[in-house]
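Engineer: This is what each chain is made of:
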Amino acid sequence: MSKSSTVFARQTPAKDRHETTGGLVIRAETLTIETHQRVELVDLTEAIAKLVEGSGVDEGLISVWSMHTTCAVFINENQTALHADIKSFLEQAVSRDGKWMHNDPEHSDCDRNNADAHLRAMLLGHSMTLQITGAELVLGQWQRVIAAELDGPRTRTFRVQIQGLQIHGPNRRAE
Amino acid sequence: MSKSSTVFARQTPAKDRHETTGGLVIRAETLTIETHQRVELVDLTEAIAKLVEGSGVDEGLISVWSMHTTCAVFINENQTALHADIKSFLEQAVSRDGKWMHNDPEHSDCDRNNADAHLRAMLLGHSMTLQITGAELVLGQWQRVIAAELDGPRTRTFRVQIQGLQIHGPNRRAE
Amino acid sequence: MSKSSTVFARQTPAKDRHETTGGLVIRAETLTIETHQRVELVDLTEAIAKLVEGSGVDEGLISVWSMHTTCAVFINENQTALHADIKSFLEQAVSRDGKWMHNDPEHSDCDRNNADAHLRAMLLGHSMTLQITGAELVLGQWQRVIAAELDGPRTRTFRVQIQGLQIHGPNRRAE
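Chains as they are written, first to last, in this note's numbering: chain Y, 1 to 175; chain D, 1 to 175; chain X, 1 to 175.
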């Protein structure tokens, strides 16, 4: 069996976008973070809220997409103690030192020894689609958008696309 | 280290919305449920289907977002036996009485002792984006949208946003 | 307690769609696969990329929805060794032979003995919403859209909806 992974290759890189028709706006940008540990949780909420603010979209959706297999995004509280628990849980749920074939040179050409990171990211998920209303993110009081670095330290990128209505200005509707 | 969690505070509460441009409709509402047990599964399907019906949207997307960190939404069958299995599985996967720092007053100012609820919700996910076609939800025959109360009893709210095309009336397309 | 599951029944089947207003396109199609093992991972990336290509949408979102409770979709690398690890992990996480009530004729009218498949699908998730930009999917280099058959062999269908802007032709914007 092949030791290699199939690669997804776009023909052109995904550029920043700002398209609009009849009040509908689609806008996309890239968010980059630097991580410093193998497993690290990074709060993306403020950065995403800023992109929403800058988009001019009043009502719509925002997709946040991790461009990596070993980096996830999820919702939870941003508390140091809870983040320690999340890391403990991930260690319990997926053993770093399990007999994973992805870490075995006989079966895999990946030398990162990171099967655990793949499995942990799969559990947490690689993307989410949030709502925008009144030109702000819809999030509960304790909810934060958290990136999970699972095989760092690395530079990690997230593609963010906003799709919605720009109501301010000439298209503004009475409320 | 701080025992507190960072709070997400919108400047204005997320209100009901109904915006439209050139046949595109964006409409958002809040769904509220009361739960009666600490861990409880509530079938939201009919309530969501009713919101779709009332929206006038024929083709589009509907985002369902739990506004809470310890309340999830997921897809599964609605059967009493299976729901008992889901609860057993959540107990196996995340121990209620593990040595979680979030439950330790030395490290956390949260007095709900609910680290398990945070971790279980993280596994199930806090949101989903469904399709609408022919003015109805797209769901498989056995699929139901299920809310997981993981730290009840509580009042729980879900923000629902519908984004799509209204084809009936003057904008109706030939099929 | 009832042994039966509640069924979701659309009034009309979800048909293929192509609707448009002012440059906005909503298009939906069904993707079908045949699986050959009880637990099998199937790479859907090329099939989904082809639907994007055929849609004429330049910027937008694409929702991929498994129409089944025991068939999931998730993101990961497409490597034989890693896929073996994913299957091992699912076996570790949810025991096939656990004392699940869904498999017990005393409590359930399901004779597929597939509680494990329900729980595993719940962990992986039944849907995802991806981004489209420049008329191509947004995916990281190693990311693939993977379907997880968890109770095969079966015929499995996925509903795919694309919502976005068609910019080529008269609506083409300068970049």
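Keep in mind that the hints were calculated from the coordinates and are not lab data.
Keep in mind it's a predicted model, so treat the numbers as computed, not measured.
Hints may be right or wrong, so weigh each one.
[Unchecked claim] No more than 20 Å apart at the CA atoms, straight line, and that leaves these computed lysine to aspartate or glutamate pairs for EDC-like:
(1) K87(D) with D43(D)
(2) K99(Y) with D111(Y)
(3) K99(X) with E91(D)
(4) K15(D) with E53(Y)
(5) K87(X) with E136(Y)
(6) K99(Y) with E91(X)
(7) K50(D) with E29(D)
(8) K87(D) with D97(X)
[To be verified] Between beta-carbon pairs, the in silico distance windows are:
(9) G54(D) with P105(Y): 45 to 51 Å
(10) P153(D) with D109(X): 26 to 32 Å
(11) G54(X) with Q141(D): 26 to 32 Å
(12) Q37(Y) with R96(D): 39 to 45 Å
(13) P105(X) with Q37(Y): 45 to 51 Å
Every residue, glycine too, gets a C-beta built ideally from N, C-alpha and C.
Engineer: Would you mind marking each hint as holding or not holding in the structure?
Structural biologist: Structure-based check of all given hints:
{"no.": "1", "hint": "K87(D) with D43(D)", "verdict": "holds, 15 Å"}
{"no.": "2", "hint": "K99(Y) with D111(Y)", "verdict": "holds, 15 Å"}
{"no.": "3", "hint": "K99(X) with E91(D)", "verdict": "holds, 14 Å"}
{"no.": "4", "hint": "K15(D) with E53(Y)", "verdict": "holds, 18 Å"}
{"no.": "5", "hint": "K87(X) with E136(Y)", "verdict": "violated, 40 Å"}
{"no.": "6", "hint": "K99(Y) with E91(X)", "verdict": "holds, 14 Å"}
{"no.": "7", "hint": "K50(D) with E29(D)", "verdict": "holds, 12 Å"}
{"no.": "8", "hint": "K87(D) with D97(X)", "verdict": "holds, 17 Å"}
{"no.": "9", "hint": "G54(D) with P105(Y): 45 to 51 Å", "verdict": "violated, 58 Å"}
{"no.": "10", "hint": "P153(D) with D109(X): 26 to 32 Å", "verdict": "holds, 30 Å"}
{"no.": "11", "hint": "G54(X) with Q141(D): 26 to 32 Å", "verdict": "holds, 28 Å"}
{"no.": "12", "hint": "Q37(Y) with R96(D): 39 to 45 Å", "verdict": "violated, 28 Å"}
{"no.": "13", "hint": "P105(X) with Q37(Y): 45 to 51 Å", "verdict": "holds, 50 Å"}
Of the numbered hints given earlier, the model fails hints 5, 9 and 12; all others are met.
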